[in-house]
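Colleague: Use the sequences and the hints to build the structure in full.
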Amino acid sequence: MANITSNTESQRLTFWEKIYLPEIAKGLSLTFRQMLKPSFTRQYPEERWNPEGSYRGRPVLVLEEDGERCVACGLCSRVCPALAIEVRAAETEKDKERYPEKFEINMLRCIYCGFCEEVCPEEAIVMSKDYELVFGSQEEGILGKEKLLIPVAQLQDRLEFLRQWR
Amino acid sequence: MSLTNLIVIFVQAGILVNMMLMAAAYMVLAERKIAAWIQNRVGPNRVGPWGLFQSFSDVFKLYLKEDIVPAAADYKFHALAPVIAIGVAVTTYAIIPFSAPLLELDGVQYGLAMAPNMNIGILAVLAMTSVGVYGVALAGWSSNNKYSLMGGLRSAAQMISYELSMGLAVIGVVLIAGSLNLVEIIQVQTRGVWFVFLQPLGFLLFFITALAETNRAPFDLPEAEPELVGGYHTEYSGMKFGLLYLAEYANILASSAIMATLFLGGWDVIPFVDDSTILGFAPNSLPMVLLGHVAFLSKSFALVFVFIWIRWSLPRFRYDQLMNLGWKVLLPLSLVNVILTALGVLLFD
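Those protein sequences? They're chains F and V, same order as listed. In this text, residue positions in the first sequence follow my numbering: the first is 1, and each later residue adds one. In this text, residue positions in the second sequence follow my numbering: the first is 1, and each later residue adds one.
Derived from the structure by calculation, the hints contain no laboratory data. Remember, it's a predicted structure, so these values are computed and weren't measured experimentally. All C-beta atoms in this analysis are idealised placements derived from N, C-alpha and C, irrespective of residue type, glycine included. The reader is advised that the hints may include incorrect statements.
[Said to hold, decoys possible] Cβ-Cβ distance ranges computed for the label pairs, FRET-style:
1. F:I4 - V:K65: 47 to 55 Å
2. F:P38 - V:I9: 24 to 32 Å
3. F:I4 - V:M323: 17 to 25 Å
4. V:N40 - F:E46: 43 to 51 Å
5. F:K18 - V:F10: 48 to 56 Å
6. V:A115 - F:K18: 42 to 50 Å
[Unchecked claim] Under the rule of at most 25 Å between Cα atoms (straight-line distance), these lysine-lysine pairs were calculated in the DSS-like manner:
7. F:K102 - F:K129
8. F:K26 - V:K33
9. V:K33 - F:K37
10. V:K33 - F:K18
11. F:K26 - F:K37
Modeller: This is the structure in structure tokens:
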């Protein structure tokens, strides 16, 4: 029962296949031809990848001419699965009446799911294309409003994607 | 032994050891680049132009690493094993005939090779590779680690099994050349044809056994990561690991150089014709000797390229398949090779 005696590899292969040398030569010629083909490597710091509109990078606040769109409703903070967003509201003279006095996203907790963008009623927080995040310490990983406000002109790809597919 | 003789020996040793270490370091880079090209990517290209200084940064990194020795390991042998491995690798370089002699001082001819005219040349090389088994076996045993032990034992068994076929493949060449002296072997090839044409089976056998001797894929089970976590060099870190690694590449270059000597005509530039008459230089003149050096090194490096190419193309042998190949296939084939060569020499000479 242990030793197989019929239909062994020795019986299935022809003589030339059994000595393996022609097969080895075919394999070697394949790898040699691959050496002569071009490579697909991106030379990273010089050539960066530019994502499409559908890419979910880090969440940012939309900055229009007279300030942020955010009304500090707190929905993004409530829906965030990782509890990464903290918002404190205050009163303002503008039409929207509320604005975020303090808006912090802890990038070390953020999981880039996009729920904050999905729930926001004002389209004030969107997932940008930024994927290169480097911090020197854990304190630097908690981004305040200054780092989060990005002008609306730079976020057009994502806003276009949301308009089309939401 | 005059003073000039002694000085020349030191100078030759200095040049050869340096050359070996640089060549081994650059072979590591070459392996990474060639592996990358086979896999449709570029290898290291950041450290210098085309990554040429990568070897220096690798060796520098190894110097700066902490030397960790397992607490229960036998320290004397743990430290001795890389020394044996690299000592044997370097000693082989003294015998390799790089080219015809270049300088004449005090009536004695000196070239880059230290002792090429040894009348037991090829036998000394085989003896040195046999001693190299000790380096691997000691490394495996002294680490006090079951993976290292298995790797070391497998490697030692593999090297010993394939040495037989290697020796027999060499006998074919020695029968035709009539001498064990490496310079004599090359001169017979210069006057006639290269032995690769007279002994194709011998060349193939020597090549396969050289792959097994240097623990090189597809025979690299002793150091395969998925199987043995690194085999006999698992417990080595820092420069001791660097030495074992460099010794492996030095062995590859030495094996390629020996193959170039025995089968590809050594410093002979063009296969079937007499070089001096075709190229127009006198046999021992400077241009001819330099061309001989270039030819020898090109052949050796071409064979190194084939070693690297094979590693990244073929799957690894399982241990029982490896022993099966060594004893049941290569040994009979090498015996047949010796018999046929002996018949050939008897009938045609």
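Colleague: Starting from the hint list further up, note which numbers the structure goes against and sort them upward.
Modeller: 2, 4 and 10
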